[in-house]
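A.B. asks: Sequence:
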Amino acid sequence: MGKLQAAVIFGGQSSEHIVSCMSAVNVIEHIDRTRYDVLLVGITEDGHWIKADSLEDVKNGTWRDKTVSALLLPDATKKCILLMDGDSVREVRVDVVFPVLHGLYGEDGTIQGLLELAKIPYVGCGVLSSAVSMDKLYTKIIVDDLGVRQAAYEAVYREQLGHMESVVERVEKHFSYPVFIKPSNAGSSRGVTKADDRQALEAGLSEAARHDRKILVEETIIGREIECAVFGGGLKEVVASGVGEILAAAEFYDFEAKYYNEESRTVTDPELPAGAAERVRQAAMDIFRAVDGYGLARVDFFVKDDGEVVFNEINTMPGFTAISMYPMLWEARGITKDQLVDMLMAHGMERYT
1 MGKLQAAVIF GGQSSEHIVS CMSAVNVIEH IDRTRYDVLL VGITEDGHWI
51 KADSLEDVKN GTWRDKTVSA LLLPDATKKC ILLMDGDSVR EVRVDVVFPV
101 LHGLYGEDGT IQGLLELAKI PYVGCGVLSS AVSMDKLYTK IIVDDLGVRQ
151 AAYEAVYREQ LGHMESVVER VEKHFSYPVF IKPSNAGSSR GVTKADDRQA
201 LEAGLSEAAR HDRKILVEET IIGREIECAV FGGGLKEVVA SGVGEILAAA
251 EFYDFEAKYY NEESRTVTDP ELPAGAAERV RQAAMDIFRA VDGYGLARVD
301 FFVKDDGEVV FNEINTMPGF TAISMYPMLW EARGITKDQL VDMLMAHGME
351 RYT
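Take full-length UniProt numbering: the last position of the sequence shown gets the number 353, and nothing is skipped along the way.
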């Protein structure tokens, strides 16, 4: 039997473009080449789809200078990616796609919808679960019904900021400072700020509005930042890893602290108050099921000093970089990156069975 044809799609039009490329390198390096031929497709920040020739192209960024366009056809009878080089056109039939895309236009149900139209199996959550999990406001609405504790929040819309004073008054009536301001649809803590006073709140709202129309203002939770990896869904039992802790070098774990501050650290299996780790694991699986998750997700929490567990957010295509928690948590349970990537790809291929 011949090899299966896999495609790894990376980059994308979101603010997490660079992180996606970093994640893709780690995924590509751990695909079993005895089982899969791999087609590499990068999406530039302005939305151009390009065939990358090698892993080295992805590592050094030269894939953006390549000239072969790669188009994913929505025609379900073709199940292919079209490669176009001048007048030359070639169809590559694809068995499975690993969309290593973070944030908007990748983790929000858009590319998942295209893959559903094409009927090409793919790794990760489907259209609904990707969309609602990407949108922090709608995730909160779903989690409210589960009875899982989460930070209290106030929803603000970009168009309301023309009446900034009334928005600020509403927030101040609901919360005392400090508060956190977050775009509803942005990943890797892009656009997230902390406000200790009214002036900082106004600036934070304006910053969040640059990233999304919907904005969340949340109460500040004082606790340790704890994450849990989830795998499964469909015909597979949903299982959770152990837990990991973020030790942020900055005041909070923003984009710079995550990827560019070497003093930020992650620790697997930290010592937590009695029973807190198991409560995190159970809540992670409950939330994954509630959003109709499939494949993988990383679910983030705060654990307070008294052991109370507070849900923060769910990421349906979590980072897969060298410092990312999702693969680290499974490695702590004896599952190597090679095995994890193989599990995810095999599970993706089961989605239409």
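Treat the hints with caution; some may be incorrect.
Said to hold, decoys possible - Here are the computed lysine-lysine pairs in the DSS-like style, where the Cα-Cα straight-line distance is at most 30 angstroms:
| # | residue 1 | residue 2 |
| --- | --- | --- |
| 1 | 173 | 140 |
| 2 | 214 | 304 |
| 3 | 173 | 304 |
| 4 | 119 | 337 |
| 5 | 119 | 236 |
| 6 | 59 | 140 |
| 7 | 59 | 79 |
| 8 | 78 | 304 |
| 9 | 3 | 79 |
| 10 | 66 | 140 |
| 11 | 140 | 3 |
| 12 | 79 | 66 |
| 13 | 140 | 79 |
| 14 | 3 | 59 |
| 15 | 236 | 66 |
| 16 | 78 | 66 |
| 17 | 214 | 236 |
| 18 | 173 | 214 |
| 19 | 194 | 78 |
| 20 | 79 | 304 |
| 21 | 79 | 194 |
| 22 | 119 | 3 |
| 23 | 3 | 236 |
| 24 | 78 | 140 |
| 25 | 236 | 337 |
| 26 | 78 | 3 |
| 27 | 79 | 119 |
| 28 | 3 | 304 |
| 29 | 119 | 78 |
| 30 | 59 | 337 |
| 31 | 194 | 173 |
| 32 | 66 | 3 |
Calculated from the structure, these hints are not laboratory results.
A.B. asks: Look at each hint and say if it fits the structure.
C.D. replies: These are the hints, each one checked on the structure:
Pair hint residue 173 plus residue 140 holds up; C-alpha atoms about 20 angstroms apart against a cutoff of 30 angstroms. The hinted pair formed by residue 214 and residue 304 meets the criterion: a straight-line CA distance of about 28 angstroms does not exceed 30 angstroms. Distance restraint check for residue 173 and residue 304: the Cα-Cα separation of roughly 25 angstroms lies within the 30 angstroms cut-off, and the hinted pair is therefore satisfied. The hinted pair formed by residue 119 and residue 337 meets the criterion: a straight-line CA distance of about 27 angstroms does not exceed 30 angstroms.
Between residue 119 and residue 236 the CA atoms are separated by roughly 20 angstroms; this keeps the pair inside 30 angstroms, and the hint holds. A distance of roughly 36 angstroms separates the Cα atoms of residue 59 and residue 140; the hinted pair therefore is violated under the 30 angstroms criterion. Pair hint residue 59 plus residue 79 holds up; C-alpha atoms about 28 angstroms apart against a cutoff of 30 angstroms. A distance of roughly 52 angstroms separates the Cα atoms of residue 78 and residue 304; the hinted pair therefore is violated under the 30 angstroms criterion.
Pair hint residue 3 plus residue 79 holds up; C-alpha atoms about 16 angstroms apart against a cutoff of 30 angstroms. For the hint pairing residue 66 with residue 140, the CA-to-CA distance comes to about 42 angstroms; that exceeds 30 angstroms, so the pair is violated. In summary, the hint linking residue 140 to residue 3 is not supported, as the alpha carbons are separated by about 42 angstroms, beyond the 30 angstroms threshold. Only pairs whose Cα atoms come within 30 angstroms are accepted, and residue 79 paired with residue 66 is accepted, the gap being roughly 24 angstroms.
Straight-line distance between C-alpha atoms of residue 140 and residue 79 comes to about 36 angstroms, which puts the hinted pair past the 30 angstroms bound. A hinted pair counts as satisfied when its Cα atoms are at most 30 angstroms apart, and residue 3 with residue 59 qualifies at roughly 25 angstroms. The suggested pairing of residue 236 with residue 66 is violated, with an alpha-carbon distance near 39 angstroms, which exceeds 30 angstroms. Distance restraint check for residue 78 and residue 66: the Cα-Cα separation of roughly 25 angstroms lies within the 30 angstroms cut-off, and the hinted pair is therefore satisfied.
For the proposed pair residue 214 and residue 236, the alpha carbon gap of about 34 angstroms is over 30 angstroms, so the pair is violated. For the proposed pair residue 173 and residue 214, the alpha carbon gap of about 20 angstroms is at most 30 angstroms, so the pair holds. This hinted pair does not check out: residue 194 and residue 78 have alpha carbons roughly 49 angstroms apart, beyond 30 angstroms. The suggested pairing of residue 79 with residue 304 is violated, with an alpha-carbon distance near 48 angstroms, which exceeds 30 angstroms.
The straight-line distance between the Cα atoms of residue 79 and residue 194 is roughly 46 angstroms, outside the 30 angstroms bound, and the hint therefore fails. A threshold of 30 angstroms between alpha carbons decides the hint, and for residue 119 with residue 3 the separation of about 20 angstroms falls inside it, so the pair holds. With a C-alpha separation of about 24 angstroms, the suggested pair residue 3 and residue 236 falls inside the 30 angstroms cut-off, and the hint holds. Annotation: proposed proximity of residue 78 to residue 140 is violated, straight-line Cα distance about 39 angstroms (limit 30 angstroms).
Taking the CA atoms of residue 236 and residue 337, the gap is about 19 angstroms. The hint holds against a cut of 30 angstroms. Restraint check: the Cα-Cα separation between residue 78 and residue 3 comes to about 18 angstroms, which is no more than 30 angstroms; the hinted pair holds. Of the pairs offered as hints, the one joining residue 79 and residue 119 holds, with about 7 angstroms between alpha carbons and a cut-off of 30 angstroms not exceeded. Between residue 3 and residue 304 the CA atoms are separated by roughly 49 angstroms; this puts the pair beyond 30 angstroms, and the hint is violated.
Between residue 119 and residue 78, the direct Cα distance comes to roughly 9 angstroms. Compliance with the 30 angstroms bound is thereby established for this hinted pair. With a CA separation close to 18 angstroms, the supplied pair residue 59 and residue 337 stays within the 30 angstroms bound. A hinted pair counts as satisfied when its Cα atoms are at most 30 angstroms apart, and residue 194 with residue 173 qualifies at roughly 17 angstroms. The hinted pair formed by residue 66 and residue 3 meets the criterion: a straight-line CA distance of about 26 angstroms does not exceed 30 angstroms.
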